[in-house]
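Participant: The numbering used here applies: residue 1 is where the sequence shown begins, and numbers increase by one.
Check before you lean on any hint, since a few could be wrong.
Calculated pairs, DSBU-like style, for lysine-lysine (alpha carbon to alpha carbon, straight line, at most 35 Å) [said to hold, decoys possible]:
1) 47 with 30
2) 200 with 7
3) 168 with 7
Keep in mind the hints are simulated off the structure, nothing from the lab.
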Amino acid sequence: MREINPKETGRAAAFALWMQAPMPMVTIFKTLDVTRLLRISRRHGLKSNMLLCWCIGRAAASMEEFYLLPVGDKLIQYDKIAVNTVVSAKDGIISTCDIPFSESLRDFNRDYLRLTGQVHNTCAPFDLGGDYMVIGTSALPQTEIDGAVNIYAGCYNNPFLIWGRYRKGLFRASLPLSFQFHHTQMDGGHAAQFLENLQKEIRDLNP
Numbered sequence: 001m002r003e004i005n006p007k008e009t010g011r012a013a014a015f016a017l018w019m020q021a022p023m024p025m026v027t028i029f030k031t032l033d034v035t036r037l038l039r040i041s042r043r044h045g046l047k048s049n050m051l052l053c054w055c056i057g058r059a060a061a062s063m064e065e066f067y068l069l070p071v072g073d074k075l076i077q078y079d080k081i082a083v084n085t086v087v088s089a090k091d092g093i094i095s096t097c098d099i100p101f102s103e104s105l106r107d108f109n110r111d112y113l114r115l116t117g118q119v120h121n122t123c124a125p126f127d128l129g130g131d132y133m134v135i136g137t138s139a140l141p142q143t144e145i146d147g148a149v150n151i152y153a154g155c156y157n158n159p160f161l162i163w164g165r166y167r168k169g170l171f172r173a174s175l176p177l178s179f180q181f182h183h184t185q186m187d188g189g190h191a192a193q194f195l196e197n198l199q200k201e202i203r204d205l206n207p
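I would like the entire structure built from these sequences, with the hints used as guidance.
Facilitator: Shown next as structure tokens:
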């Protein structure tokens, strides 16, 4: 990671406009077709949450906006991406876990199982540190939701996705989710492209 001059990037205007905004976060809602993801999860014994997190990483990895993030009053450029997931620890308290993104589903699944298992057993969060641009996620499988607008604390500007329980129809399964992002990091068009990329990654999923 390194600090960069916003004026030397395509985000110069957005940096000037939105860094001092009292609420610089934008939330977009989309319903995904997750039929193939659930079929692969059952067929190969892979966790559906892991598969979705990997698809999120894949969808983000090809977009340069995901390697930039406003931190404090600076614009930081990263070389690596991670996906964060919420883990239910053995003491009954939830904790968070960063999973480094890998183009290899096998490697990502190995890290996902190892690190979430570590968080579950130690009841302590796992943080990769400042070398990764982390995409936050939160699954609420207890109920179906249409989406959620997350809190904005001013110190966590990372993109964040929230979803609930999958909705199963006669032949297809769908998943409404919300995607929150800092307007300095990307515009609505970039966010829309990311969500299209995510749907494509799910549709083309091939372990």
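Participant: Under the criterion that the straight-line Cα-Cα distance not exceed 35 Å, is the pair residue 200, residue 7 satisfied?
Facilitator: With Cα atoms ~33 Å apart, residue 200 and residue 7 stay inside 35 Å; holds.
Participant: Assess, step by step, whether the Cα of residue 168 is no farther than 35 Å from the Cα of residue 7, and give holds or violated.
Facilitator: The hint is violated at about 47 Å.
Participant: Starting from residue 47, check that the Cα of residue 30 is at most 35 Å away, please.
Facilitator: holds, 22 Å
Checked against the numbered hints above, the structure breaks only hint 3 and satisfies the rest.
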